[in-house]
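Colleague: Sequence:
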Amino acid sequence: MTLASHAFPAVQEAPVFRAGLDDCDKAYLGSLGFVLRRYPSHAVIARQGDEQDRIFVMHSGWGCICTELPDGERQILDFPLKGEIVASRPFEGEAAESFISQTELTAFEAPAKALLAGLARSPKFAAVLLGAIARQRAILVQHLTNLGRRSALIRTAHLLLELGTRLEMANAAKRFGFECPLTQYDLADALGLTAIHVNRMLRELRERGYLEFRHGAVHYLNRQGLECFAGFDPGYLRLPGESWGWSESPIP
Numbered sequence: 001m002t003l004a005s006h007a008f009p010a011v012q013e014a015p016v017f018r019a020g021l022d023d024c025d026k027a028y029l030g031s032l033g034f035v036l037r038r039y040p041s042h043a044v045i046a047r048q049g050d051e052q053d054r055i056f057v058m059h060s061g062w063g064c065i066c067t068e069l070p071d072g073e074r075q076i077l078d079f080p081l082k083g084e085i086v087a088s089r090p091f092e093g094e095a096a097e098s099f100i101s102q103t104e105l106t107a108f109e110a111p112a113k114a115l116l117a118g119l120a121r122s123p124k125f126a127a128v129l130l131g132a133i134a135r136q137r138a139i140l141v142q143h144l145t146n147l148g149r150r151s152a153l154i155r156t157a158h159l160l161l162e163l164g165t166r167l168e169m170a171n172a173a174k175r176f177g178f179e180c181p182l183t184q185y186d187l188a189d190a191l192g193l194t195a196i197h198v199n200r201m202l203r204e205l206r207e208r209g210y211l212e213f214r215h216g217a218v219h220y221l222n223r224q225g226l227e228c229f230a231g232f233d234p235g236y237l238r239l240p241g242e243s244w245g246w247s248e249s250p251i252p
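In this text, residue positions in the sequence shown follow the numbering used here: the first is 1, and each later residue adds one.
None of these hints come from the bench; they were simulated from the model.
Treat each hint with caution, since some may be false.
Below are the DSBU-like pairs computed for lysine-lysine, each with C-alpha atoms no more than 35 Å apart in a straight line [stated by the list, open to error]:
#, residue 1, residue 2
1, 174, 26
2, 124, 113
3, 124, 174
4, 26, 124
5, 26, 113
Cβ-Cβ distance ranges computed for the label pairs, FRET-style [claimed, not checked]:
#, residue 1, residue 2, range
6, 31, 69, 13 to 21 Å
7, 137, 69, 21 to 29 Å
8, 200, 27, 47 to 55 Å
9, 126, 221, 38 to 46 Å
10, 154, 181, 20 to 28 Å
11, 206, 116, 42 to 50 Å
12, 114, 204, 44 to 52 Å
13, 140, 26, 26 to 34 Å
14, 35, 171, 22 to 30 Å
15, 204, 181, 35 to 43 Å
16, 236, 181, 21 to 29 Å
17, 208, 31, 27 to 35 Å
Note that the structure is predicted; figures quoted are calculated from it, not measured.
All C-beta atoms, glycine included, are put in the ideal place defined by N, C-alpha and C.
Use the sequences and the hints to build the structure in full.
Modeller: Set out below in structure tokens:
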């Protein structure tokens, strides 16, 4: 569903673009043909193996990037959040993974070729896009480390800390917790665990006094202690020129 164009200026203020573009570059960004669309929850926005020539900037809601296996299993690679870019690795051609709406979401879409044209026009635009790509790579490096080397308890803690930090950086969460629509099955597919194992890890994190995950929200009970326990350093999430902008009010 295409939404009214009055919401369009928000794409220029997405964190990925806000920090590094001047007014001229933002005006050019506005000429690239971005359209704001709404998707219901669990809609397939781009399917693995299909031709893909679009780039997306998340505006609201949660997405899911996953690879689908022949036996019906899936591996969740990431959960795109507000202000983050979603694109097939080559920007065009067959999509290497599926992009699904985890919740109802809105996203700005534009032809990938239009965005690529901006790279030649503006060095700042190119630097911003490369910074966003480097950040996505850093996120995937941490997720791979989760799957390969971190214990089940630490990988669960690390992912929840990361998601909360990413939402804070987009002014979509508070310092003391965040709304989280993920089920234990979703977390299991992202962490390489079973849903039963995830349930046990969440219970242990609660019993250790680190966090609670209930009623669709993560509440930090001891964030500093949890970050130390999980070895979580949020530096890999920072975009060039971006400030943290922490909010100190707890979620309801």
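Colleague: Tell me, which hint numbers fail for this structure?
Modeller: 6, 15 and 17
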